[in-house]
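The chain contents come next:
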Amino acid sequence: MAQITSRITATAGVAAVALTLAACSPSDVEGATDGPVTVETWISQDMETLFPGDAGSYDNISVLDVVYDGLVRYDPETTEPYNYVAESIEPGAENLVWTITIKPGLTFQNGEPVDAEAFARAWNYTADGDNGLYSNYFFSIIEGYDDMQPETGDDGEIVAPGAVDELAGLEVVDDLTLRVTLNKPFAGFATVLGYTGFFPVAQECLDDVEACATEPIGNGPFQVTEWTQSQELTAEKWADYPLDETPDYDAIHWTEYATGETSSWADFQAGQLDLSFPPTAEVEAARNDPELSQRYVERPGSALTYLGFSLYDDGPWQNVEFRKAISMAIDREGIISSLGSGSATPADSWVVPGGVPGGEAGTCEWCTYDPDAAEEALRRAGGWPEGEKLQISLGDDAAEVEYFTAIGNSIETVLGIPYELNIDPDYFSTRAAQGYDGMFRNNWFPDYPLNENYLSFYASGEPGAGHFGWYSKAFEDKLDEAAQAPTLDESIDLYQEAEGILAEEFPTIPFRWSFSATYYSERLDNVVLNPFSGAPMLRAVEVTDA
Amino acid sequence: MERMTDMDRTLTPRPLAGAWRALRRRPDAVIAAVVLVLFTTMALAPRLFTRTSPRSCDIREARVDPQWAGGAHPLGTDSLGCDVLATLVHGVRPSLLLAVVVVGVALVVGVTLGLLAGYYLGWVDYLVSRTVEVFLVIPLLLAALLILSLFQGVDLGGGTFDVILLPAIVLILFSWMPYARYVRASVLETKNLDYVTAARSLGASDLRIMVRHVLPNAVGPVTAILPTSVAGIISWEAVLSFLGIGVRPPATSWGIQIEQGSEWVTGGAPHILLAPLVCLVATVLALVVLGDALRDALDPRLAR
Amino acid sequence: MTRYIARRLLQGAGTLLLVMFVLHLLTTVAIQLNGNPAQAFFGDKVATPAQVAAVEERFGLDDPCFDQPGNPCLGPFAERLGQYARGDLGTNLRGREVADIVGAAAPNTLRLFCVVVVTWLALGMVLGSVAARWRGSAGDHGIRLTSVLIDAFPVFVLLIVYRYVVAVPLNRWSKETFGEDSWPPYWFRPSFDPAHPWATVLVPGILLGLAGSAAFIRLVRASQLESYAGEHVRTARSKGLSEPRVVVHHVVRNSSVPVVTAVGLTFAEALGGAVITEGLMNIYGMGGVLWEAVRNDDVGLVLGIVTLLTTVTVLVMIAVDIAYALLDPRIRLGTDD
Numbered sequence: 001m002a003q004i005t006s007r008i009t010a011t012a013g014v015a016a017v018a019l020t021l022a023a024c025s026p027s028d029v030e031g032a033t034d035g036p037v038t039v040e041t042w043i044s045q046d047m048e049t050l051f052p053g054d055a056g057s058y059d060n061i062s063v064l065d066v067v068y069d070g071l072v073r074y075d076p077e078t079t080e081p082y083n084y085v086a087e088s089i090e091p092g093a094e095n096l097v098w099t100i101t102i103k104p105g106l107t108f109q110n111g112e113p114v115d116a117e118a119f120a121r122a123w124n125y126t127a128d129g130d131n132g133l134y135s136n137y138f139f140s141i142i143e144g145y146d147d148m149q150p151e152t153g154d155d156g157e158i159v160a161p162g163a164v165d166e167l168a169g170l171e172v173v174d175d176l177t178l179r180v181t182l183n184k185p186f187a188g189f190a191t192v193l194g195y196t197g198f199f200p201v202a203q204e205c206l207d208d209v210e211a212c213a214t215e216p217i218g219n220g221p222f223q224v225t226e227w228t229q230s231q232e233l234t235a236e237k238w239a240d241y242p243l244d245e246t247p248d249y250d251a252i253h254w255t256e257y258a259t260g261e262t263s264s265w266a267d268f269q270a271g272q273l274d275l276s277f278p279p280t281a282e283v284e285a286a287r288n289d290p291e292l293s294q295r296y297v298e299r300p301g302s303a304l305t306y307l308g309f310s311l312y313d314d315g316p317w318q319n320v321e322f323r324k325a326i327s328m329a330i331d332r333e334g335i336i337s338s339l340g341s342g343s344a345t346p347a348d349s350w351v352v353p354g355g356v357p358g359g360e361a362g363t364c365e366w367c368t369y370d371p372d373a374a375e376e377a378l379r380r381a382g383g384w385p386e387g388e389k390l391q392i393s394l395g396d397d398a399a400e401v402e403y404f405t406a407i408g409n410s411i412e413t414v415l416g417i418p419y420e421l422n423i424d425p426d427y428f429s430t431r432a433a434q435g436y437d438g439m440f441r442n443n444w445f446p447d448y449p450l451n452e453n454y455l456s457f458y459a460s461g462e463p464g465a466g467h468f469g470w471y472s473k474a475f476e477d478k479l480d481e482a483a484q485a486p487t488l489d490e491s492i493d494l495y496q497e498a499e500g501i502l503a504e505e506f507p508t509i510p511f512r513w514s515f516s517a518t519y520y521s522e523r524l525d526n527v528v529l530n531p532f533s534g535a536p537m538l539r540a541v542e543v544t545d546a
Numbered sequence: 001m002e003r004m005t006d007m008d009r010t011l012t013p014r015p016l017a018g019a020w021r022a023l024r025r026r027p028d029a030v031i032a033a034v035v036l037v038l039f040t041t042m043a044l045a046p047r048l049f050t051r052t053s054p055r056s057c058d059i060r061e062a063r064v065d066p067q068w069a070g071g072a073h074p075l076g077t078d079s080l081g082c083d084v085l086a087t088l089v090h091g092v093r094p095s096l097l098l099a100v101v102v103v104g105v106a107l108v109v110g111v112t113l114g115l116l117a118g119y120y121l122g123w124v125d126y127l128v129s130r131t132v133e134v135f136l137v138i139p140l141l142l143a144a145l146l147i148l149s150l151f152q153g154v155d156l157g158g159g160t161f162d163v164i165l166l167p168a169i170v171l172i173l174f175s176w177m178p179y180a181r182y183v184r185a186s187v188l189e190t191k192n193l194d195y196v197t198a199a200r201s202l203g204a205s206d207l208r209i210m211v212r213h214v215l216p217n218a219v220g221p222v223t224a225i226l227p228t229s230v231a232g233i234i235s236w237e238a239v240l241s242f243l244g245i246g247v248r249p250p251a252t253s254w255g256i257q258i259e260q261g262s263e264w265v266t267g268g269a270p271h272i273l274l275a276p277l278v279c280l281v282a283t284v285l286a287l288v289v290l291g292d293a294l295r296d297a298l299d300p301r302l303a304r
Numbered sequence: 001m002t003r004y005i006a007r008r009l010l011q012g013a014g015t016l017l018l019v020m021f022v023l024h025l026l027t028t029v030a031i032q033l034n035g036n037p038a039q040a041f042f043g044d045k046v047a048t049p050a051q052v053a054a055v056e057e058r059f060g061l062d063d064p065c066f067d068q069p070g071n072p073c074l075g076p077f078a079e080r081l082g083q084y085a086r087g088d089l090g091t092n093l094r095g096r097e098v099a100d101i102v103g104a105a106a107p108n109t110l111r112l113f114c115v116v117v118v119t120w121l122a123l124g125m126v127l128g129s130v131a132a133r134w135r136g137s138a139g140d141h142g143i144r145l146t147s148v149l150i151d152a153f154p155v156f157v158l159l160i161v162y163r164y165v166v167a168v169p170l171n172r173w174s175k176e177t178f179g180e181d182s183w184p185p186y187w188f189r190p191s192f193d194p195a196h197p198w199a200t201v202l203v204p205g206i207l208l209g210l211a212g213s214a215a216f217i218r219l220v221r222a223s224q225l226e227s228y229a230g231e232h233v234r235t236a237r238s239k240g241l242s243e244p245r246v247v248v249h250h251v252v253r254n255s256s257v258p259v260v261t262a263v264g265l266t267f268a269e270a271l272g273g274a275v276i277t278e279g280l281m282n283i284y285g286m287g288g289v290l291w292e293a294v295r296n297d298d299v300g301l302v303l304g305i306v307t308l309l310t311t312v313t314v315l316v317m318i319a320v321d322i323a324y325a326l327l328d329p330r331i332r333l334g335t336d337d
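Residue numbers (the numbering used here), protein chains in the order written: chain A, 1 to 546; chain B, 1 to 304; chain C, 1 to 337.
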C-alpha cells in the first residue's frame, strides 16, 4: 500500500513539474524582430460570429470593419458617408427608388467578383426571416420584406415559413447596378448602407454559412487567418487588395477578454497590447502619468444610457412632472465624475450632440441637476406614495449596478423616495415582455450616423406598446413626414422637431453618453477613433518601429 | 471542507460542561470570543457604533480618505460617497444573520436526514445517500447562479431577512450534506451499543431511542464543525457578492463592500477594501480558532 | 471487489441521470419563468414576433413547452439523452458544437487544476507534517494561524492584488533581468496566453491552490496526530525503529489516505475557484464557460458540460472509494483499531 500511495503522489508531482518545465522552454518565444509587424489589440470573449448579416456587437463590427468593405464608409471627422465600394448612389423621385452602381473590377478574397449580385444575395439572405439573423430588421425598409417573414401563431410559434426568398424591391439591373425600391420614402438610405448588415457576401460563403461565420471571405484589406473562438483572432493583410484604405503593417491580433476592455489594461502595461483603456480606478493614475498621457486619444461616443418608465402600468410616473422630478434629482455630473471618469459624459439630449447630423446638446430641458426644482416638480406631481419603494431594474453588469446605485442614492437623497435595485440577468426578455414596474435602464448604440436612428425606435405604433408603453401620434407623424422629405437636410431638420416632441412629452430620461478614449503603445502612431463605435480605426494606424 | 475531516468522527464526546471549562483556560479562545461578541453587538445595535446612516451618500464626497476619530467619516467614504464605517457596521447584520440562518437550517436538515438514514438504513439510507451524492456533485456556484436567476424577478421586499433570503436558500441547499454524513456515521456506531440495544428491548420507541440515546453521541463532532461552517458561509457570501449573485444592492453586506472596494485597491482608495476585509478576516479567524478549541475540548484523545 | 465496483458504477449512473434531470428542470423553469433567451439575441432592438420565432427555431428553443410554466419539457430532455447516447453533445445556443467548446476550454482548466492540486499536496504534506511532528511548538501554532488566515482571506482579493499590483512590475523586472526571450516574464504575465498555457497558468494556479491549501494542512495535521497516537506507531517505536523511519513509513503513509480522498472530493468545489480565477486572469476554461452558459440560459451548453463534469466527478469519487478500500488496511482487512 505504501508503494501505491507514494507512487501516486510522486507520479503526479513529477508529471506536473515535467510538464511545466517542458512548456516553459524559452525557444518557443514568438514575436522575433523579423516576423510580420502585428498590431496587438483586444475584443471581448462573447463574439460568436463573423457573418456580416448576423453581427451586431461592438466586437464583430470592429473586426468586420477591416475584413469587409461596404458601399459607403464614414468620414472620421464629420461622420458623413462617402462612396467606397459604390461608384454612385442616386435617389430617384421622392427618395423611393435608389440606384446603386458599384466600382468595377473588385473581388472577394477568394476571387469571386464583388458585383450587384454579391450585394443582392447577401441582402436577400439576411432579409429572409426564416434564417433568424440579427440584422434582419434593417431590411424592413425595402419593398417585399413582409413576404419573406415567417408567419407566427398565437403562442409565438412558426406556423408557416416566409412565402418568398427574395426581396421584391431588389433588382439586379446589370453586373454593377442594383436598383432598390423602398417601402416608403427614406432620405437617409445612403447613410444606412455602410452598416455591417449591408456588406456583400461571396457565393462560397452562402454555400456554407456556418464555415463562413468563423472563416469569413471578405472584400476588405485584411483576411482572417486564424480564429480560436473565445481566445484569439488573427487577421493578415490581403496582398491583392485593390482599394486604397489599407495600412502599412502586416497583421492584427486580437486577444479575447472575458470581462472586456478594462481587464486588458494590465496586459497593456506589461507591453502585451498596443491599445487599451484603464479601469475607472486607474484612470487618474494614467492621466497623471506624463509619459503615458502623450499616447492618448479621445472622442465623444455615441451610445446613450437612459432611463425608461413602465408607462404601460399605473403609477406616479404617468405624470410628466414626476418624470421631470426624477430627472432633475439625478446628479449626472457628480456620478459620472466619480464612477465613469474618462469613459462617459452627462447627457442632456436624446441624439448625440455633434456625433451625427442633427444632434444637438441641451435639447432636454430637465436634464440638469436641480434639487429644488426637482422637489417642486414632485410636489406638483402629487408626491410619492408613502411606504412604497421605487423599483429600478437593470441587467447584471457590475459597473452598471454601481452607476444605478448612485442614481438611486441621488433620487433618494433629493426626493426622499426610497428605491430598490432589481438586478435581472434576463433583463432583455423581461423588458420586451413589459415585465418591469417602475424605472429601468436602457442603452442605445446607433447603427448608422443619422439622428433618425436615435428616434425611430420610440415609434411603438399604438398606445401601450413597445418597451416603454409610450405612444404619441404627433411624434410618429413627424417621423413619417421627415422620412418623406425631399432632401436629407430637410429630413434631418424634421427629425430634430420629432426630438422636440420627445423632449416635451419626456417619456425617457437621458443619463449619459459614452465617451471613447484609448491609450496606445510607443510603437503606434496616427491612432484615430471611429466617431461612431469609438473603436480605434485600425485601417489608419501606423506602426513606427517595425 | 468539513467533509474532509471524516476521520475524527469516531470520538466519544466529552460532556459539554467539561468542554466549556477547558475552553475558558485557552487565551486564544477567549480573544476569539471577545471579537465575536463585539460583532454580534454591532449586528444587534449598530447605532451604538455610528450615528451616520449608510444610505445617506453624497457622490461628490466620494472616496474621502479616513479621517479617524473626530472626523465626519472616521473610515472615509466609498466610491459612491457613502460612509465606510456606517456601511461596515450596518453590513454586519446581513452577513452574520445569513451565516447563522444557513448553518442553523442546514444543521437541522442534515441531522434529521443523517439520523433517519443511519437508524433505518435500507431504502431510507439509499435515498439519503444518493441525494447527498447528487448535491456533492453539482458545483455550488452553478446551482447558485441557476436558482438565483430563477427567482430574480420575485419581489421580496427590503427587510434584512428578505435581502438575505435568496443567498440563504442556495447556501442551505448546499451545506447540509456534511452534517448528514457525520450524524449517519456516528449513528451507525452507536446504534448497536449495549445500552441502545437495552433501551430497545425495554420497548422504547424509535423516536425516543434516536433522540435520547443515539443523537447525543453525534453532538460532539457536529458542534466542533459549527464555528468553521459559520466562517465558511461568511466567506461564501463574499464570493457570491463578488460574482454579483449575493445580497442585492442597495442593501449592503461585507461581501458587497469587499467587491466594490477591490476595484479601488490600486486607485488610491485602499481603505474601501481594507475596512471590510479586516472585519471579515477577523470574524472568520475568531470562528475558526473557536472551532479548533472546541474540537480539542470535545475530543478526549487529542486533549490529553 | 468486482461486485463492489459494479455496484458503485451502477449507483454512479443513477446519480448522473438524476443530476442531469435536476439541471434540465432548473434551466427549463428558468426559461419558462424569465422568458425565452432568444429575446436577448436582439439586445436593445425591438423585435417582431416573427423575428423572435425565427431565432427560437434557430436556437432549438421552439418547443412550445418552453413557454408553458410547469411543463417539465420531457420531450427535449429525452431527445437530448438520445443525442448523448450517440456520443453527440449537441450545440450551444449559437450553433457552436459543445464538444468543440469543451475541447478548447477543458485543457486550460485541467492545467489550472494540476497546478492547484500539486500546490495543495505540497503545502499540505509539508506544513501539515511539520505541524503534527512538533505539535504544540511555536511552528505548529504559526502554521495553524497561517492556515486560518489563508482560509479567511477571499481568494478574489488575492488574485486582484496580484494582477493589478504585483504582476506588472514583476513582469517588467523579469524582462529586464532575464531578457525578453527567457521564461520568467511568462510566469508573471498578468493574463493567460494560449500560446504558452503552462507558463502563464502557473502563478494563478499556485495562488488558487494556496487559498485552498488551509484545509489540507489541517487535514494532514489531524490525521497524522491520530497516527502518532495509534497502536501501530507505538508498536513500531517499541520495536526500536528510528524516528525518521517511523514518521515516513507509518505516519506520513497513513495520513496520505484521507488526503487522496479529499483531492477527489474537492473536485466539484474547486470549480468555484476556477470561475473566479479564470475570469480574473482571462483563462478560457470550463468555469467561465459554464458561468456564461447559465447566465444566458443556454440549456444545451449547461447540460452538455455538466454531464461531462458529473461523469468525471462520479468516476473520481468511485475511484477514490476504490483507492480507499485498497489503501486503508482497516477497510480492506475488515478490522478496526
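Please keep in mind that the hints were generated in silico from the structure rather than gathered at the bench. Glycine residues also receive a C-beta, built at the ideal position from the N, C-alpha and C atoms. Honestly, I wouldn't trust all of these hints.
Unchecked claim - If we take Cβ atoms under 8 Å as the criterion, some of the chain C residues that face chain A in the derived model are:
no., residue
1, 44
2, 58
3, 103
4, 107
5, 239
6, 243
As the list claims (entries may be wrong) - Calculated lysine-lysine pairs in the DSBU-like style (CA-CA distance at most 35 Å, straight line):
no., chain 1, residue 1, chain 2, residue 2
7, A, 184, C, 175
8, A, 103, C, 175
9, A, 389, C, 45
10, C, 175, A, 237
11, A, 473, A, 184
12, C, 45, A, 473
Checked hints:
no., hint, verdict
1, 44, "6 Å, holds"
2, 58, "4 Å, holds"
3, 103, "11 Å, violated"
4, 107, "11 Å, violated"
5, 239, "17 Å, violated"
6, 243, "17 Å, violated"
7, 184/A <-> 175/C, "63 Å, violated"
8, 103/A <-> 175/C, "50 Å, violated"
9, 389/A <-> 45/C, "29 Å, holds"
10, 175/C <-> 237/A, "30 Å, holds"
11, 473/A <-> 184/A, "18 Å, holds"
12, 45/C <-> 473/A, "21 Å, holds"
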